[in-house]
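Use the sequences and the hints to build the structure in full.
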Amino acid sequence: MTEQPIGPILDGLGVSLEVDDGDLIASAVVILKVLDKDGDAALALATSEGLSWIDQNGLLASAQQIVNQGAVLTKGDDE
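Residue numbering for the sequence shown is 1 to 79, as defined by the UniProt record's numbering.
You may find that some hints are simply not true.
[Stated by the list, open to error] Ranges between beta-carbon positions, derived for each pair:
hint, residue 1, residue 2, range
1, 12, 37, 15 to 21 Å
2, 65, 18, 18 to 24 Å
3, 68, 41, 30 to 36 Å
4, 37, 67, 28 to 34 Å
5, 53, 25, 15 to 21 Å
6, 41, 5, 20 to 26 Å
7, 51, 4, 15 to 21 Å
8, 61, 4, 23 to 29 Å
9, 37, 68, 30 to 36 Å
10, 68, 36, 15 to 21 Å
Since the hints were derived computationally from the structure, they do not count as laboratory data. All C-beta atoms in this analysis are idealised placements derived from N, C-alpha and C, irrespective of residue type, glycine included.
Given below as structure tokens:
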């Protein structure tokens with residue numbers, strides 16, 4: 001098993017994010033479904049450097065709430 005940069009992988013999957021000019025992406029948690037050579041699926045998790053387990057759990061819990069809502073509210077929304 002070798003470690004590799006995840007940016008090109010995400011680019012290849014068509015992952016993108018809409019951000020406003022001047023916004024800073026401070027940290028990231030990436031959840032991946034990985035298929036091995038036999039087609040068996042596994043779950044993998046990648047995080048940005050320096051992300052504590054507390055912040056990681058907070059990002060995951062917040063993301064789960066967004067998924068459960070079925071809609072993503074953007075900053076500036078009053079709803």
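Cross-check of the supplied hints:
no.: 1; hint: 12 to 37: 15 to 21 Å; verdict: 18 Å, holds
no.: 2; hint: 65 to 18: 18 to 24 Å; verdict: 20 Å, holds
no.: 3; hint: 68 to 41: 30 to 36 Å; verdict: 22 Å, violated
no.: 4; hint: 37 to 67: 28 to 34 Å; verdict: 30 Å, holds
no.: 5; hint: 53 to 25: 15 to 21 Å; verdict: 20 Å, holds
no.: 6; hint: 41 to 5: 20 to 26 Å; verdict: 22 Å, holds
no.: 7; hint: 51 to 4: 15 to 21 Å; verdict: 19 Å, holds
no.: 8; hint: 61 to 4: 23 to 29 Å; verdict: 28 Å, holds
no.: 9; hint: 37 to 68: 30 to 36 Å; verdict: 34 Å, holds
no.: 10; hint: 68 to 36: 15 to 21 Å; verdict: 30 Å, violated
Comparing the model with each numbered hint stated earlier shows that hints 3 and 10 do not hold.
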